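Q: Sequence:
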Amino acid sequence: MAIKSTIFKADLQIADMDRNYYQPHLLTLARHPSETDERMMVRLLAFALHADKALSFTKGLSSDEEPDLWLKNLSDEVELWIDLGQPDEKRIRKACGRAKQVIIYCYSSRSATVWWEQNSSKLQRFDNLRVIHIPNDVSKQLAYLAQRNMQLQCTIQDGQLWLADDAESVEVNLAAWK
-8 MAIKSTIFKA DLQIADMDRN YYQPHLLTLA RHPSETDERM MVRLLAFALH
42 ADKALSFTKG LSSDEEPDLW LKNLSDEVEL WIDLGQPDEK RIRKACGRAK
92 QVIIYCYSSR SATVWWEQNS SKLQRFDNLR VIHIPNDVSK QLAYLAQRNM
142 QLQCTIQDGQ LWLADDAESV EVNLAAWK
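Everything in the sequence shown is counted per this note's numbering, starting at -8 for the first residue and increasing by one.
Keep in mind that a hint or two might mislead.
Unchecked claim - Derived lysine-lysine pairs resembling DSS-like cross-links, with alpha carbons at most 25 Å apart:
hint, residue 1, residue 2
1, 44, 91
2, 81, 131
3, 63, 81
4, 81, 91
5, 169, 113
6, 81, 0
7, 131, 63
As the list claims (entries may be wrong) - If you anchor each label on the Cβ, the simulated ranges turn out as follows:
hint, residue 1, residue 2, range
8, 4, 80, 29 to 39 Å
9, 104, 65, 31 to 41 Å
10, 127, 23, 16 to 26 Å
11, 13, 56, 13 to 23 Å
12, 142, 12, 14 to 24 Å
13, 111, -5, 17 to 27 Å
14, 148, 104, 36 to 46 Å
15, 45, 23, 39 to 49 Å
16, 113, 144, 20 to 30 Å
17, 113, 4, 31 to 41 Å
18, 111, 15, 34 to 44 Å
19, 116, 44, 29 to 39 Å
For the record, the hints were derived by calculation from the structure and aren't laboratory data.
In this text, all values refer to a predicted model and were calculated from it rather than measured experimentally.
Glycine residues also receive a C-beta, built at the ideal position from the N, C-alpha and C atoms.
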């Protein structure tokens, strides 16, 4: 019998002063059995960075045809495609052909660095692609915030992001690789 996804609930309050976006989001995250708390929280972080009423989580690890998050317009065209980890060049090429903007959030510093060294020259040709690196210590700290029922506050100001619950606060520093 297959193991089912674990359901997490997040009450996420976003104050994004860089975009003048101040909204609460009640999110349901289905964590695939092979997904770690670290990866799930990186998905939540990506949501917070690009929060929009049309941004949604997809089947993620359960589907090769969809990213981890996407934003579609009313014509069902993909405006924003967000992937996590180290996708292969073929998947990135496909995403860049389907979406107006593609963002990859890399984490797990050692493997992400190796992946970037192997793929950076091939990825330079995609004008609609951004690659962002999340340092290992930050993604590990985010994992500590994971709970089945989360109440989180996200503050974004001058490119800096803080994600906090009642007990912990994580400062998120991102590095733009492309």
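Q: Determine for every hint whether it applies to the structure shown.
A: Against the structure, the hints:
1. 44 / 91: 18 Å, holds
2. 81 / 131: Not OK: residue 81 and residue 131 at ~29 Å, beyond 25 Å, violated.
3. 63 / 81: 22 Å, holds
4. 81 / 91: Measuring from Cα to Cα gives roughly 17 Å; hence the hint holds.
5. 169 / 113: Status holds; Cα separation ~12 Å.
6. 81 / 0: Distance of about 33 Å is beyond 25 Å: violated.
7. 131 / 63: The hint is violated at about 30 Å.
8. 4 / 80: 29 to 39 Å: 37 Å, holds
9. 104 / 65: 31 to 41 Å: 39 Å, holds
10. 127 / 23: 16 to 26 Å: Because 21 Å falls inside the window, the suggested range holds.
11. 13 / 56: 13 to 23 Å: 34 Å, violated
12. 142 / 12: 14 to 24 Å: Once the Cβ atoms are compared, 19 Å apart, the range 14 to 24 Å for residue 12 and residue 142 holds.
13. 111 / -5: 17 to 27 Å: For residue 111 and residue -5 the Cβ distance comes to about 38 Å; the hint is violated.
14. 148 / 104: 36 to 46 Å: The hint (36 to 46 Å, Cβ to Cβ) is violated, given that residue 148 and residue 104 are roughly 28 Å apart.
15. 45 / 23: 39 to 49 Å: 23 Å, violated
16. 113 / 144: 20 to 30 Å: 39 Å, violated
17. 113 / 4: 31 to 41 Å: Since residue 113 and residue 4 have Cβ atoms about 39 Å apart, the given range 31 to 41 Å holds.
18. 111 / 15: 34 to 44 Å: 38 Å, holds
19. 116 / 44: 29 to 39 Å: Roughly 33 Å apart at Cβ, these two residues keep to the hinted range, so it holds.
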